[in-house]
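**Q** Given next are the chains, with one letter for each unit.
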Amino acid sequence: MKNIPSALIDSAKSGNAESFGELYACIWKDLYRFCCYYLGSKNDAEDVVQDTVIEAYKSLPSLKNEASFRGWIFAIATRQCSRQIKKIKQSRLAVDVDDLFDLHDDTEIGRDTEQSVLIFNAISELKDDARSIVLLSVIEGYSGHEIARILNRPESTCRSILFRSLKKMRMLLDDTQTL
Amino acid sequence: MKTHDNDKLNNNVNELKIHQDAKHIAEALTRLDERLVPPDSLSPDAMVALLKTQEQSNAGPPAAGDDDVFGRQKKFNWRRLTSIAAAVVIVLGSVWAAKPQLLRLDSLLSEISPIGLNTAPVTGENYNQIYQTIQQINARVSQYQYTAGDLDGREKDILDYAPPSAARDNDRVSDINDALVQGQQLPEHGKTNTQVEGVDEADIIKNDGRYLYVLNQEKHNIKIADAQDPKNVKKVSEISLDANTYPIEMYVVGNSLIVLKNSPSLLTEKQMPDGSSASSAGNDASAPDGLGTEQSYAENSLICGDSIGGYNGSTTVAVYDISDRAQPKQARTFTQDGSYASSRLIGDKLYLITNYNNYNAYDRNDPSSFVPNTSDSANKTKCQPIPAGNITIPPSPGSPTYVVATALDIREHKTVPVTKSVLGQASSIYSSTENLYIATLRYDYSAYTDYSPSSSTDILKFSLDGGGISYTGSANVDGTSEDQFSMDEYNGYFRIATTGDAKDSRDSSNNVFILDGQLKQVGALKGMAPGERIYSVRFMGNMAYVVTFRQTDPLFAIDLSDPARPAVKGQLKISGFSEYLHPYSENLLIGFGYDADDQGRTKGLKLSFFDVSDPLNPKETHKMYFNDQSMESQALSNHKAFLFSKDHNMIGFPATSYNNNYSSYNVISIDPNKGFSVKGELKNNQTENYKTWYNTQTRGTYIGNTLFVIDSDLIQSIDIPTFKEIGTLNLTK
Numbered sequence: 000m001k002n003i004p005s006a007l008i009d010s011a012k013s014g015n016a017e018s019f020g021e022l023y024a025c026i027w028k029d030l031y032r033f034c035c036y037y038l039g040s041k042n043d044a045e046d047v048v049q050d051t052v053i054e055a056y057k058s059l060p061s062l063k064n065e066a067s068f069r070g071w072i073f074a075i076a077t078r079q080c081s082r083q084i085k086k087i088k089q090s091r092l093a094v095d096v097d098d099l100f101d102l103h104d105d106t107e108i109g110r111d112t113e114q115s116v117l118i119f120n121a122i123s124e125l126k127d128d129a130r131s132i133v134l135l136s137v138i139e140g141y142s143g144h145e146i147a148r149i150l151n152r153p154e155s156t157c158r159s160i161l162f163r164s165l166k167k168m169r170m171l172l173d174d175t176q177t178l
Numbered sequence: 000m001k002t003h004d005n006d007k008l009n010n011n012v013n014e015l016k017i018h019q020d021a022k023h024i025a026e027a028l029t030r031l032d033e034r035l036v037p038p039d040s041l042s043p044d045a046m047v048a049l050l051k052t053q054e055q056s057n058a059g060p061p062a063a064g065d066d067d068v069f070g071r072q073k074k075f076n077w078r079r080l081t082s083i084a085a086a087v088v089i090v091l092g093s094v095w096a097a098k099p100q101l102l103r104l105d106s107l108l109s110e111i112s113p114i115g116l117n118t119a120p121v122t123g124e125n126y127n128q129i130y131q132t133i134q135q136i137n138a139r140v141s142q143y144q145y146t147a148g149d150l151d152g153r154e155k156d157i158l159d160y161a162p163p164s165a166a167r168d169n170d171r172v173s174d175i176n177d178a179l180v181q182g183q184q185l186p187e188h189g190k191t192n193t194q195v196e197g198v199d200e201a202d203i204i205k206n207d208g209r210y211l212y213v214l215n216q217e218k219h220n221i222k223i224a225d226a227q228d229p230k231n232v233k234k235v236s237e238i239s240l241d242a243n244t245y246p247i248e249m250y251v252v253g254n255s256l257i258v259l260k261n262s263p264s265l266l267t268e269k270q271m272p273d274g275s276s277a278s279s280a281g282n283d284a285s286a287p288d289g290l291g292t293e294q295s296y297a298e299n300s301l302i303c304g305d306s307i308g309g310y311n312g313s314t315t316v317a318v319y320d321i322s323d324r325a326q327p328k329q330a331r332t333f334t335q336d337g338s339y340a341s342s343r344l345i346g347d348k349l350y351l352i353t354n355y356n357n358y359n360a361y362d363r364n365d366p367s368s369f370v371p372n373t374s375d376s377a378n379k380t381k382c383q384p385i386p387a388g389n390i391t392i393p394p395s396p397g398s399p400t401y402v403v404a405t406a407l408d409i410r411e412h413k414t415v416p417v418t419k420s421v422l423g424q425a426s427s428i429y430s431s432t433e434n435l436y437i438a439t440l441r442y443d444y445s446a447y448t449d450y451s452p453s454s455s456t457d458i459l460k461f462s463l464d465g466g467g468i469s470y471t472g473s474a475n476v477d478g479t480s481e482d483q484f485s486m487d488e489y490n491g492y493f494r495i496a497t498t499g500d501a502k503d504s505r506d507s508s509n510n511v512f513i514l515d516g517q518l519k520q521v522g523a524l525k526g527m528a529p530g531e532r533i534y535s536v537r538f539m540g541n542m543a544y545v546v547t548f549r550q551t552d553p554l555f556a557i558d559l560s561d562p563a564r565p566a567v568k569g570q571l572k573i574s575g576f577s578e579y580l581h582p583y584s585e586n587l588l589i590g591f592g593y594d595a596d597d598q599g600r601t602k603g604l605k606l607s608f609f610d611v612s613d614p615l616n617p618k619e620t621h622k623m624y625f626n627d628q629s630m631e632s633q634a635l636s637n638h639k640a641f642l643f644s645k646d647h648n649m650i651g652f653p654a655t656s657y658n659n660n661y662s663s664y665n666v667i668s669i670d671p672n673k674g675f676s677v678k679g680e681l682k683n684n685q686t687e688n689y690k691t692w693y694n695t696q697t698r699g700t701y702i703g704n705t706l707f708v709i710d711s712d713l714i715q716s717i718d719i720p721t722f723k724e725i726g727t728l729n730l731t732k
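Chains Z and H supply the protein sequences, listed in that same order.
The first sequence begins at 0 in numbering that gives the first Met the number 0 and counts up one residue at a time.
The second sequence begins at 0 in numbering that gives the first Met the number 0 and counts up one residue at a time.
Keep in mind that a hint or two might mislead.
To be verified - If you anchor each label on the Cβ, the simulated ranges turn out as follows: (1) D9/Z x S42/H: 43 to 49 Å; (2) V415/H x D9/Z: 44 to 50 Å; (3) D128/Z x N125/H: 41 to 47 Å; (4) R600/H x A6/Z: 45 to 51 Å.
No lab work stands behind these hints: they were computed from the structure.
Beta carbons are placed, not taken as given, at the ideal position from N, Cα and C, and that holds for glycine.
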């Protein structure tokens with residue numbers, strides 16, 4: 000998002016909701032999708048996106064660089080997701096994959112889709128901090144560098160968690176082969 | 000998978016693998032994307048309406064809709080999973096098995112003759128040799144150019160999970176009397192929780208027994224407050240730091256205040272056309288550190304900030320003379336390339352360690368483009384490449400990243416700093432008063448095909464003798480270590496605890512290695528607690544205490560008195576685990592961590608007293624559980640946020656409750672005979688400032704009988720015996 004006119008950001012910062020809406024429009028689908036993968040539930044994702052938007056709107060004055068808007072709002076979303084995970088952890092353990100991906104009504108689901116679901120499940124097996132790192136890498140395409148920045152954690156830690164998590168996922172997926 | 004503008008090359012082979020796997024996963028998930036269409040309630044128009052309603056009603060964030068969320072509890076459809084699992088076998092097989100690209104990598108790796116193939120490290124002879132070495136390393140992965148963003152690496156100390164050191168009222172080697180006004184006696188006061196006596200560590204808060212120093216990273220400033228009258232703490236001065244640097248942490252010693260900051264790459268100065276300040280990349284000559292203006296870096300920004308930090312940025316040490324606390328004066332700046340890894344202060348010597356990688360922007364004829372550079376205001380140097388002779392090439396360097404280490408005298412500014420470098424990437428450091436050890440990760444891809452490269456740790460040792468810094472050798476041990484507390488030096492021996500991931504199974508195993516003064520391995524304990532990982536370590540003289548965890552927490556008491564024959568003497572199995580071990584005395588350890596159920600799921604914070612007087616029989620004598628299971632504490636991963644005072648028999652730590660939406664500073668009274676009891680809790684209701692949810696800025700410290708809880712811009716004074724709040728200072732006023 001390098002070409003955001005600074006006038007738009009300034010307008011949003013000064014409380015113009017429509018301007019913020021334009022910024023949001025650039026990333027809203029990605030944001031929702033990210034939260035869906037993170038939380039495994041559309042309802043939760045919806046709540047978190049709303050909370051993220053509200054928080055981002057309020058904190059926008061603290062964003063110094065326009066070009067960083069996307070990473071910045073994903074940082075907020077990640078924190079919100081993390082917070083939400085803690086809240087729902089105790090009360091609901093299961094992720095409803097059928098519901099999340101609308102799989103009930105399909106009479107025939109392609110093998111590819113099934114495989115994808117398995118991969119998604121493997122992501123859901125990851126602990127919170129590993130999950131955020133993997134999703135930021137896999138879904139949003141951020142590098143180890145960038146993830147470190149978004150999560151405000153050391154780069155080497157992010158890389159090694161990412162590495163370990165992908166490896167763990169691979170093992171989880173390999174396991175299903177033996178079923 | 001998306002790519003981002005401004006991607007630069009990262010030549011780490013490890014990064015490459017991550018890239019490939021991430022790509023496969025992303026492709027697979029893309030098929031599911033179309034099923035994740037956002038509802039109308041989240042459309043931009045709806046959001047705009049929501050924001051306007053929010054403003055009007057001035058309400059807080061909407062309720063999380065908990066009722067809906069808990070309404071449905073469909074179970075995971077196991078049957079579907081198993082029925083499609085079989086069908087998926089072949090599909091997965093084709094995704095995960097040998098793919099053309101990976102085969103190519105495999106053969107590529109086997110063809111490359113390792114550089115520095117000798118078992119001994121090689122000292123650089125000249126820049127040409129260094130240049131060639133870098134090119135060779137890069138060539139290994141040149142066709143897999145994986146680009147990484149150019150980021151502001153707002154790195155705090157890169158040491159995660161760092162339990163505190165033996166807390167004691169250590170004698171500071173420096174001259175505290177300098178700081179004293181009117182020659183008063185200093186009361187007992189809190190100091191940064193460090194690992195080794197005589198080796199200071201930086202932090203965002205400092206306390207010299209009279210003044211409190213508060214670094215606000217977001218606001219780029221440091222405030223100095225006079226706490227002589229605890230009821231009436233007064234701000235005396237404020238240091239504003241350049242907008243285009245990012246302050247990380249600081250030291251205060253005597254009349255010097257030393258700030259460590261992320262700063263823009265030194266090379267950007269050199270690349271400015273004719274060094275002229277009229278260009279858009281203006282060079283502000285009046286700024287003491289001569290760094291460019293904010294605008295020049297804006298073009299390179301990618302995420303949340305300026306293009307400072309990141310492995311191709313630099314780190315600056317700014318030394319301020321605070322003899323007059325009301326008028327701090329910048330005395331000197333020293334900058335070295337690379338992002339901040341860590342630092343230590345021993346006496347008047349500051350040791351700064353960074354990781355540097357210029358990502359292939361090399362020019363054979365300009366050493367500055369491929370070796371680390373330094374700038375020093377005191378000796379009037381600017382972007383000087385370090386001498387080839389100061390660079391060491393270890394056996395099989397995995398990436399063209401340099402670990403850069405400088406010894407800087409913070410008082411005698413005329414002393415020329417010594418900078419050494421070794422190819423590698425520092426992950427944690429440990430320093431005694433004599434030697435600095437840097438742990439770097441090494442991935443061994445020779446067993447590539449099963450996608451489980453074994454990882455090991457290369458330890459680089461530097462002697463700090465004679466006020467300089469000299470590389471004395473390296474050694475490799477299995478597994479990886481967590482943080483500075485996984486390492487220790489005692490009686491000339493170096494000890495390190497690691498967790499190794501076995502090649503063929505997911506079982507990890509844990510080790511302790513003992514190396515002699517020449518880094519030769521003399522003793523080892525391997526394969527402890529298979530299937531578990533190390534969560535905390537504490538070396539105490541001849542003993543080592545290691546906490547591992549997967550479902551239950553064994554605390555191992557290990558006898559290291561015979562370096563050749565380390566032995567597990569006793570084990571204690573309890574539920575939960577300590578992320579963090581702190582010695583109360585020679586025989587008593589405090590553990591801070593989580594309780595957990597028998598499935599290994601964490602259940603809330605926990606404090607433990609461990610009696611280790613009989614190593615064969617460690618006992619958990621007391622414990623305290625925190626009922627709020629959504630509570631987290633920064634002190635679990637940052638030892639500096641943990642306050643321990645034997646004088647006051649208390650522990651302090653910040654915490655955040657996610658369920659109840661507040662953060663707090665908790666003080667617990669400790670008594671080895673009676674255990675733990677809550678002394679007081681200072682609550683802060685959640686503000687909209689999301690940073691407070693992570694309590695990254697909260698610290699507790701004390702002077703005499705007053706506890707000061709410092710959180711960004713607020714200093715609260717609490718009388719310790721009564722736990723009554725006796726004063727508040729808002730530093731922004």
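**Q** Just pull the numbers of the violated hints for me, sorted ascending.
**A** Of the numbered hints given earlier, the structure breaks just one, which is hint 1.
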